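*Asks:* Here is what each chain is made of, one letter per residue.
There are 2 protein chains.
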Amino acid sequence: MKILITGGAGFLGLRLARRILDRGAVAGPDGQPREVTRIVLADMANAPIEDPRVTSLVGDIADPAFVDAALGGDCASVFHLAAVVSGQAEADFDLGLRVNLDATRLLLEACRRLPRPPRLVFTSSVAVFGGALPTPVPETWILNPQNSYGTQKAIGELLVNDHSRKGFIDGRAVRLPTISVRPGRPNKAASSFASGIIREPLAGEIATCPVPPHTPIWLSSPRTAIAHLLQAHDAPAGAFGTGRSLNTPGLTVTAGEMVATLERVAGREVASRVRWEPDEAVAGIVMRWPDRLETVRAEAMGMRPEPDFESIVRAYLAGE
Amino acid sequence: MKILITGGAGFLGLRLARRILDRGAVAGPDGQPREVTRIVLADMANAPIEDPRVTSLVGDIADPAFVDAALGGDCASVFHLAAVVSGQAEADFDLGLRVNLDATRLLLEACRRLPRPPRLVFTSSVAVFGGALPTPVPETWILNPQNSYGTQKAIGELLVNDHSRKGFIDGRAVRLPTISVRPGRPNKAASSFASGIIREPLAGEIATCPVPPHTPIWLSSPRTAIAHLLQAHDAPAGAFGTGRSLNTPGLTVTAGEMVATLERVAGREVASRVRWEPDEAVAGIVMRWPDRLETVRAEAMGMRPEPDFESIVRAYLAGE
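Read top to bottom, the protein sequences are chains A and B. Counting from 0, one number per residue, gives the positions in the first sequence under numbering that gives the first Met the number 0. Counting from 0, one number per residue, gives the positions in the second sequence under numbering that gives the first Met the number 0.
In case anyone wonders, no lab produced these hints; they're calculated from the structure. Since we're looking at a predicted model, the values are computed, not measured. Built from N, CA and C at the ideal position, the CB exists for glycine as well. Just so you know, not all the hints are guaranteed correct.
Stated by the list, open to error - When the alpha-carbon atoms are kept at most 25 Å apart in a straight line, the in silico DSS-like pairs for lysine-lysine are as follows:
id, chain 1, residue 1, chain 2, residue 2
1, A, LYS187, B, LYS187
2, A, LYS165, B, LYS165
3, B, LYS187, B, LYS1
4, A, LYS1, A, LYS165
Stated by the list, open to error - Negatives, chain B to chain A, calculated, CB over 10 Å:
id, residue
5, LEU11
6, GLU138
7, LEU142
8, ALA153
9, ILE154
10, LYS165
11, ARG267
To be verified - Just so you have them, the derived chain A footprint on chain B, three or more residues with Cβ under 8 Å:
id, segment
12, 224 to 235
13, 293 to 304
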């Protein structure tokens, strides 16, 4: 079977592709494991994977012709990861709408034209929540995003739900926690610091933390996020109930605890490279996100969080 | 000041226009009462109102040029009532998206280009709720629509919220109850029967009720719905809290109680013209809607429901 991963040259897309190639199979349309014969990675940049099963397609995800070409007539599963991140969607309102809303709708329309409804995993975010939040946030809590990224993700969830209900796709909208530790460079996500305050000090560089030490963050490691995306893909539709949106398990850690963990693992000199410099724009977004979600349905699907943040830091150091 | 009412030739649009003309003033951008000098009624059909302050514009609300012409450069307030109703949006998925989603977005974009952000009242619906629902549905309950109309209205709410947060409009999304008694003919709304089972028997005609007698319905009279739209328009933005979506007060009445009320008001012969003929398609939509909503914020803005269904029937008979 063929799989399309949008945002396939990105950090999560590449890891997801490698994980699927390692596994060799995912759930087919009937729920039974099916051999993956082809993965199309669609992104703005070429995806650096050498594997005969992988095709890298470079183009604009908001271009209908590109979406059609990426999907082809035989796609059985889609992982829709392509997105403009939170800080950027807030700074450029039109770009956020174009990529996070218009492109998602294009993709859903193209899926609807396939001869057989594909499974589709849409990556949503805790940014769909906002306002005064209880801890944990119940699975029945209102979507009340307080930034444009969260608004666009919430709209994507609603579209995935309705297209699934109509039988156009078999969709799943997965609200991933903030992912830490991402390798590479900072990005324009408001949560970028949650990787930077670990990654940069370990690389001998200074990192600034834009939120106060007491700020709780709902986190997942890259490997756990990838595992949960695949579990959400493979779960039977019936496990989702009346809505296809799913909170996935994470860990609640404060920024201060993260740096304390770094000190425990890598020493005081490394941890001292973190500068606490509150940034109102970033803190204004991040401090409105929930710090813990109810994840009853995801746990029933077998999803588990990492045991603690130290495991996450050690996995990063081990190059996972 | 100038007001645009989309769907202005419809039942609610016309009544709203007449009510505004009677009042003569609504809250201006600064919250102070401002004289209404012009009302533009934009719809697919001509609006039958003779008043020098009223202009009727006929066109397609999903056409950008029509939206721009209707809004002009000087609109201070918009009531966005134009919509494809629930049964029709379910039957024609693409039409529902075009009118309920695309046209709403067009209108918001056009508002954003105005020199001053207009107040905008968007009519949403209880159809944004679905799945297992508590009674009453709390103001913090998840949007989990189980039909395409509800999905499109929920997306409209999210867009109105985000455009308000960004300062592009001063928006308010009002979740009106089912309106009964509507005059005129049945429409394609799944809730059309909630007027038909009163209106048709009173006109000497047979009416069929597609849901069982025990089905509870969350109702508002036309006059109360209009009053609540104006109260939502005039309320200060701060009264909405972190989200611009608002449940407005209604009455919970079962279909059986509605017909019993009709019998009490108009006699047994009239009430006997109601035939109970369950329709799965309609019941499948209506019986998933909530039968009572928490309306704390709306009540704080001074909104009140009708005292009972008998008052609604008597008001209809009095030609209100």
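*Asks:* Each hint needs a verdict: does it hold in this structure or not?
*Replies:* To see whether the hints hold, each was checked on the structure:
With a C-alpha separation of about 46 Å, the suggested pairing of A:LYS187 with B:LYS187 is violated against the 25 Å cut-off. Taking the CA atoms of A:LYS165 and B:LYS165, the gap is near 33 Å; set against the 25 Å cutoff, the hint is violated. Straight-line distance between C-alpha atoms of B:LYS187 and B:LYS1 comes to about 31 Å, which puts the hinted pair past the 25 Å bound. Annotation: proposed proximity of A:LYS1 to A:LYS165 holds, straight-line Cα distance about 23 Å (limit 25 Å).
Listed as outside the interface, B:LEU11 is consistent with that label: its C-beta sits roughly 24 Å from the nearest C-beta of chain A, beyond the 10 Å cut-off. At roughly 8 Å from the closest C-beta of chain A, the C-beta of B:GLU138 falls inside 10 Å, breaking its exclusion from the interface. Remark: the non-interface label on B:LEU142 conflicts with the geometry, its nearest Cβ contact in chain A lying 6 Å away (cut-off 10 Å). For B:ALA153, the shortest C-beta to C-beta distance to chain A comes to about 5 Å, within the 10 Å cut-off, and the non-interface label is violated.
Not every CB of chain A lies more than 10 Å from the CB of B:ILE154, the least distance being 5 Å, so the non-interface label is violated. Under the 10 Å C-beta cut-off, the non-interface status given to B:LYS165 relative to chain A is violated; the minimum distance is some 6 Å. No beta-carbon of chain A is positioned within 10 Å of the beta-carbon of B:ARG267; the least distance is around 41 Å. Coverage of the segment 224 to 235 of chain B by chain A is violated in this model, with 0 residues showing a Cβ closer than 8 Å to a Cβ of that chain against a need of three.
Residues of the segment 293 to 304 of chain B with a Cβ under 8 Å from some Cβ of chain A number 0, which does not satisfy the need for three, so the listed coverage is violated.
Hint violations for this structure: numbers 1, 2, 3, 6, 7, 8, 9, 10, 12, 13, all remaining hints satisfied.
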